[in-house]
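**Student:** Go ahead and model the full structure; you've got the sequences and the hints to work with.
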Amino acid sequence: MFKKVLALLVVHVMILGIFNLSAFAISSVALTDDESLLVWYDFDQVNGIQVPDKSNNGFNGTLYGGAAVVDGYLNLNGSGAYLQMPQGISPRLTSYTVSMFVKPRIQSANTFLFTLGNSDSTGYIFFSTTNAENNVKFGATLTNWQGEGGFSVPSPFSTNDDWRHFAFTYDYNTKTVICYVDGVEFHRQGNVTVAPVDLGNTYQNYIGRSQYSADAYYKGMVDDFRIYSRALSANEVAELAVDLNYVKDSLTLGDLSQVRSDITLPVTGPFNTTITWQSSNEEYLTSDGIVKRPPNGTGNVDVTLTATISTGAASVTKEFTVTILQELSEEEKLEFDLDSIVLEGNLSNLRDNLTLPKKGTEGSTIEWRSSHPDYLSHDGVILKRPEKGSGNLEVTLTATAYVNGKSKSKDFTISLAEDEGYYGYLFTYFTGNSGMDEQIRYALSTDGFSFKALNGNDPMFISDKATTGGVRDPHILRLEEPKDGYKYYMVATDLRTATHGWTNQNIVLYKSKDLINWEHTVVEIAKLYPRFSTITRAWAPQTIYDKDAGKYMVYWSMKFPNDQDKLYYAYANDDFTGFESEPQILFYPPDNNSIIDADIIPFNNQYHLFYKYSGSSAGIKKAVSDKVTGPYTDGNKFYQLTTEAVEGSGMFKLINSDKYVLMYDVYASGRYEFAVTTDLENYTKVPNNAALLGVRHGTVMPITKEEYDLLNTLYGDGFTVEEKVEPILHYTFDEIEGTKVVDVSGNGNDGTMLNGATTQSGKIGNALYLNGSGAYVKLPNDILKRTRELTVSAWVKTSSSIRSQRIVDFGSHQDDSYIYFTTSGSGGNDGYPQFTIREFKRPTGESRRVSATKKIRDNEWTLMTGVIKYNEFDGTYMMTMYMNGERVSRWERSNVAPYQIGGLNNMIGKSLWSSDPAFSGYIDDFRIYNRALSPKEILDLADAPLMIGDSMSKQVKQFNVVFDQTNNTIYLPVKLGTDITNFDPEFAVADGVEISPSTPQDFSKGPVKYTVTKDGQSREYTVTVSVDNNPVLEGYYADPEILYYDGKFYIYPTTDGYASWSGRSFSVFSSEDLVN
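Residue 1 is where the sequence shown starts when you use the numbering used here, and the numbers rise one by one after that.
Think of the hints as simulated: they come from the structure by calculation, not from any bench. It cannot be assumed that every hint is accurate.
Computed cross-link-like contacts, EDC-like style, restricted to lysine to aspartate or glutamate with a CA-CA straight-line distance of at most 16 Å [what the hints assert, rightly or not]:
(1) 559 x 514
(2) 359 x 330
(3) 854 x 1020
(4) 410 x 464
(5) 869 x 722
**Tutor:** Shown next as structure tokens:
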């Protein structure tokens, strides 16, 4: 806690009391003469590799593997460093206490901070501040990990912690372990039956090393390590947790040589110490830190501030000399305040808004004027930028300071950077390790943080040339200048883990002119270059332009057997279809640990190489070079702002800004995180990251407004569709040119007959005949890409109703999203036609289907029609199926739009699933509309004049409608509140058909007879209408909880209507009568 004082300045930084904790070693003065002190390492001295035992019991420690005593503490590097204690300790411990100060560096790995034991199978005791689950863990066993007794609880430590005290006690009589952090009980665990004495005379006694050879070494710092041969009390542990001299040495107040304003004085310190303050001159500096400056002309005043640091009865003091500056004259105040102004930002190439101080340190009021306020406002806000290519604009900002009517001005020259010409961001990525996850997806953003998936998060294209069948880790790059019409390069890992595990030898090169159509080339590294014939991995390629060489350089990590992943590079050939020469080594960490997922970005005339380091402490590191080809100097610093496991780092610059974004894949949690920087060293985490969940390693590229609009129009969900009255594809099968099926709609969407498909006499002229042995018609790719709503209709005559044989399939792959229409469904619906949408997304796919209530008859012509209609109210899609104009089923909701379906394998008569049978029979008059046909239009297609189609009334609850065309009866349930004494069903009938009665009727007295008539023929229906109170709640709800309180009934349901098991809202409903 800090005392609050009045801030007097804007530009000048207030003096704050702080603790420079990392600058000192730490040691408690408590209990050093206690007879039970068995082992004590204060690390104040070291004799070679021997660390003296200050308890005088002779248990000197030995340093191994790079462990070092630095500035009075033990430093463990996490790469083999540890301290070994001698034998003879465990036989003297029944009840005991272990105490130390620690500064951990969090690892996502199993580590032992302290252990006494014999081996990983014959007994040990251990504890650690963190493990692979980021838990504090204690264990004691006479065998191995399966026999451990102890605890594992969430850790209070973080990688940014300074020194903290950590201790645990064990009481042999009560069999209880108590863990303390900073002198306060953190966790208590009973029924721990193994004590050190039970292990015999242990010889594997370590600080920083596990009993298990496969575990990581501990990384962090340790000081004042002690073992007592009794269980200390809570008060005694609290004493050990405090080093007053350490608090004293670390307490600082900053620069006190020119104090102009109040000082913030801390009143508490580390380890729960209290701090009181005393001033030698309360007139000019109070003990609360309030400053009163001497009058102008009387000179400066020196004051002594004394801090008393206390815990319990013990205390120490520390003095600070403070120089209080005299008040300035008005002219001096104006000059000082203007001279103190420092504008943060790149003033020679300004891209970000400026923060302009309005108050000076000496109390002046500051006003600002811009010479070009339409570009850079008087408040420092960029309102407009010079157009791209026009050059920077010079702007003068004038600061005028005022004190008591006097003023003075100062000019600041700003060069406002021209517009970079970009509008948004394109994110290329993949989504996981199964099915079609390992294909390239796109997402768009306008701010660089909140991305929206394109194409329904389905692949933008299928990398069918990849040797493994999948691609990962896409990196996209805009060329410096278009080459032969190509503007973009992309590279990716050739790997499908489901079939190849984590082993691969190839990468894929892509090039494109429009971001939509890509040409692929596979670089088979092991085959092309004999030196690399045995590689087991070629991962995460990226491309950068080498300005010195004038070439594009591809770099990626590769691994040989019995070696670590290392970074290699090669220059791409002139047409970006391969490499000019054999790959060369680019970089690997100095400790020879693995490097993957490298990303190089130029910054301040250097190249910064971010990469995933895979040592005992894994995370994102960086190396720097003056040349893109190296040599690179490793910085040995982690940059991720999370303790979770990460990979796939990528860096990109925000548009028209000096800010850069470091993004990394928190792959175990299925999300990306973003951190912002201006210097590539210091980062601020972006809160509530809005990036797509479920995305994996990819890259971000800035794009223009034209590029953004093109992608969003073709693959986004906010586009508008020009619905056409006529079909967008229409095959009569009367116009055939060789194997080409001519599209008579005039839209050029011709098909191709394959594998023996022919035409024969059909329902209307000729029809397509498919022999059931693999014959089919290939439709154009991406036929549904401009289709929000859909109607598919065809006359069908089956030779036999084979389960799962297709009328038509739309999609790219069986593991992708698709739509199919079959004459005989599966899943208990054999013989009944089905119309299905399959949504394939991580983590699971969902199918939405409608199944007919009647079977199709073999060797008879049936008009099969499937309709998908967009629901503006909730953004879902209503699926409907008709047979011969009769609605035979409806499922009200699907979350997938037709345009989100993959479009590389659209086929009549063939399934995307190779195990499904081919269609056997005839198909005629095949049509696709990019709109939902009305029931009346479907009746017209079916040539069914004497049939009543759907009720078009919005009062009808469509879920429970029953049309019985065999018995000529119709049941219409209507919503609560509908006046059935004066109700019109608004029946749909075909052209030229008369329906009677044609006016609203009274259904309260019972069924009403309706007659349809055409050309002297008629048909009578009996129609029943009743009010249906179900569902009680309109919308999608589940899991209701109902209660009664104070005269009302309350329902608390789960809100449904979202994909998979997701949800976004929670509602409560009330009623006085259980009806309204």
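**Student:** If a hint holds in the structure, say so; if it doesn't, say that too.
**Tutor:** How the hints compare with the structure:
Among the hinted pairs, residue 559 with residue 514 is inconsistent with the structure: their alpha-carbon atoms are about 34 Å apart, more than 16 Å. Distance hint between residue 359 and residue 330 is fulfilled; the C-alpha atoms sit about 15 Å from each other, no more than 16 Å. Of the pairs offered as hints, the one joining residue 854 and residue 1020 is violated, with about 22 Å between alpha carbons and a cut-off of 16 Å exceeded. Our distance criterion of 16 Å between C-alpha atoms is broken by residue 410 and residue 464, whose separation comes to about 65 Å.
For the suggested pair residue 869 and residue 722, the alpha carbons sit about 15 Å apart, so the restraint of at most 16 Å is met.
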